Amino acid sequence: MSYKIIALLVGLLGNIALGLGFTHDLLADDLKGASLAATCAQCHGTQGQAEPTTKFPKLAGMDKDYFLARMKEFRDSQTKPENVTIMHQIAKGFSDDQIGTLATYFASQK
Amino acid sequence: MLSRRDFAKSTAGFGLGLGLALPFISSAKAASPKVVVIGGGYGGATAAKYIRLFSKNSIAVTLIEPNKNIISCPVSNLVISGDKTMTDITLDYTKLVKNHGIDMIHDEVQALDVAKKTIALKGGQTLSYDKCVLSPGIDFTFDKIENLAALNQAGKVLHAWKAGTETIALRQQLEAMEDGGVFAIAIPLAPYRCPPGPYERASMVASYFKRHKPKSKVIIIDENPDITSKAALFKQAWAKNYAGMIDYRPNLKLEAVDGLTMKFAIDENVKATVLNVLPEMSAAKLARQAGLATVNNRWCGVNYLTFQSLQSPDVHVIGDSMLPAPAMAKSGHMASSQAKIVAAAIVSMAQGQAVNPNPILINTCYSYVSEKEAIHVASVHGWVEADKTIKILPNASGVSANLDESEFAYAESWAKNIWQDSFG
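Protein chains in written order, with this note's numbering: chain A, 11 to 120; chain B, 8 to 431.
For the record, the hints were derived by calculation from the structure and aren't laboratory data.
Hints may be right or wrong, so weigh each one.
Unchecked claim - In silico DMTMM-like cross-links for lysine to aspartate or glutamate, where the CA-CA straight-line distance does not exceed 20 Å:
(1) Lys63(B) x Glu92(A)
(2) Lys217(B) x Glu173(B)
(3) Lys41(B) x Asp110(B)
(4) Lys90(A) x Asp411(B)
(5) Lys102(B) x Asp40(A)
(6) Lys65(A) x Asp110(B)
(7) Lys65(A) x Glu392(B)
(8) Lys105(B) x Glu61(A)
(9) Lys65(A) x Asp186(B)
(10) Lys90(A) x Glu412(B)
(11) Lys65(A) x Glu419(B)
(12) Lys65(A) x Asp265(B)
(13) Lys379(B) x Asp411(B)
(14) Lys63(B) x Asp40(A)
None of the values given here were measured: they were computed from a predicted structure.
The shape of chain B in the complex, shown without the other chains:
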């Protein structure tokens, strides 16, 4: 007799009509695919929730995430500036599990075997899946900058690019700094997680300095040729609020760190009092070890209609591990948008229906530029059949008209609603 897996293999080449057969000849329960979501961030939590919502709770979902708490990267720069506390950005999975009947496992994934379709957990358990949604986030490549790994390990040079202990530690370094000190932040070449994030951080540290340590300076060392997101607005905010305080140096690649001194190929060394280096980023190790990072062993290539891995179509890769389509930012909002496309695709596939040929994704990203101002970038992305990819739809994008204080409240509202939408 054919197993389900053999059946799927045997029918793979015969088109939709055959694929349709499966749900209706099996019992309701057997027709439901076994779905496992790896990673409980904006991407994974949203995927788990929306598979439950879109299937009207008919598809069981297991969500694997090592941490019991979610510490939000969005808004974490306000903890660094002292305007918010860790409590303000810490959430948990209680509502997600209770409201949607998600089977939550707090454990670490040790290996994803895409050939056997199994997931081995650190705790010893092995799960099998019909469909896996992989949203493991990023890992850092420390060794591109000499000495960075050791200095980060020692807690001296932080990235604070995964909100958590480093966020607290960076705040403490800034608090301990004497007035007249220098905060320096180094930014890697795009793509990296949260394009405007480094400039937001520089702005918020400057905002803290202006209020509490006005003789201090902020130096931005950017390997990119210009600010990678909302450039004109950030420059406007810096000129208005922090003239003489922020020193922006584009096209500058950090080669080495020696204590708190940054070294470059040609330019003079820069010594900081608090040094914040964002290392080069890649898809999480788990995704790379599973053989899914198709691009320079760094990012996971996908079919953008369904986010199915190019290496393994039963794994849907979303969020920051994925090779982005043009102008697709590595943001929590975008990961959440991808998660919803995947949730709809998995539900359609489980019912033998065609997937939505015209998916829409929105990205909205607010950046705080002072303790009372925020700016946004927004875009609507859709499938372009001619190019077989997702692109920004004509005219459907834009940034804030100016530095509008009302956008600060919108930024706060955005956080509350996306937290509910992803984790509630």
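With the rest of the complex left out, here is chain A:
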């Protein structure tokens, strides 16, 4: 049997198996939120757990609506908001959908 045929057969089996692989689908959903939130972590701490003595807010456990409102305010501001040094620049890289994913992820962290 050629590799090609073996590969096709194995692929078919795999696709059947995939239908049963729901735990992996869950992981993929988690990965979407976790990997997007990881872009915040260098400043705001892994999974939003900023070091307690730092000036960056802890995002873990932040109220979802508050997070959405602040991020959209930063993103849509044309000038530098008061008391904000950097987030009005960074927020402009995120879509509504991505901000929603982040809000849900951080609200679900303790």
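Since chain A is already given, all that's left is putting chain B on it; use the hints.
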């Protein structure tokens, strides 16, 4: 029977559906790829940690790093100015190993064989991998400047561009210098590690001089046509804080060093009291010897969606060894962002899932310009399908509005959090 490797080869051309098969027909353990990360800096340590986090600890990760301590390049210019100590910038891997179950090997990699997918260690061990994350940092090309290699070897002309013994030695040279001396720093053409770093160093040395040796001068010899990052802000800081003290000379290529004297093609020699020359940089020797440096045998080309090497797709190259996409700085923050993209990609691939087609990377870089002021540059980068590369997203970048003292505290906070995020 097909081995896993043969299987992967045989299915390589048949698309995602076939690739999906593997994890579900093998036992859970066999489905987990053998992942080895080379280099424990901001890139490698972050990749190791986030592969563990994103896979919910289901993928085992081995991290190879020769040093037991991490000495942070970010913040090291404050050690040179005397505002911080080496202890302040020295971290270790204890938390990383303990919190995330990473298999840490303190050894040096002697050879990476991308054909056999093996890694030979100096200690004699040979590891095999399914996926390798390569984050070995930079090496220096001393021989582009005459006599530099010998003078550096003798400890006379330092770079201090890998934080460690040279950082301490450069600080000692500055402390030993009499008031009225000249500190000169020479900067190579970009790309090099940490674009704003040389200007930060010049600023912090000037800050030290202003406080302790006010008759002294700082001369910056820059092969680039202008300050390569945050130019307007650095100029503003120099005019405000160090008028008459900093002499900036762009478009000037250092040809040779003779003791502490710098020589140029046309311009007059410049004699320094403390001479700090940053040599040309390239991908670490290990990456070049493995045949991964695709661009002038200097930087490693990658597919920017996954950071897979163009030469060997099971090696993901991140950090300063990699050929950067447009406006992608060689910074610790950027290496960490790349590491997270790679971690997510490896976890997705291991599960037979498609990789994220829309990765986001952030770079934030604070530079200290005095003992109480810092400035930043920030950018958000995303995949641009039309150009098949990563670019800064529209309007998603900027620098400090002005010299704001509050940013000094943000810079300190950034260090604490990225240290936790990378090594904690």
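Evaluated hints:
1. Lys63(B) x Glu92(A): This hinted pair is violated, its Cα atoms lying about 40 Å apart.
2. Lys217(B) x Glu173(B): violated, 23 Å
3. Lys41(B) x Asp110(B): Roughly 12 Å between the alpha carbons, so the hint for Lys41(B) and Asp110(B) holds.
4. Lys90(A) x Asp411(B): Status holds; Cα separation ~13 Å.
5. Lys102(B) x Asp40(A): Measuring from Cα to Cα gives roughly 24 Å; hence the hint is violated.
6. Lys65(A) x Asp110(B): violated, 33 Å
7. Lys65(A) x Glu392(B): Roughly 36 Å separates the two Cα atoms, so the pair is violated.
8. Lys105(B) x Glu61(A): OK: Lys105(B) and Glu61(A) at ~18 Å, within 20 Å.
9. Lys65(A) x Asp186(B): Answer violated: Lys65(A) to Asp186(B) is near 37 Å, above 20 Å.
10. Lys90(A) x Glu412(B): holds, 16 Å
11. Lys65(A) x Glu419(B): holds, 9 Å
12. Lys65(A) x Asp265(B): Status violated; Cα separation ~47 Å.
13. Lys379(B) x Asp411(B): Distance of about 9 Å is within 20 Å: holds.
14. Lys63(B) x Asp40(A): holds, 10 Å
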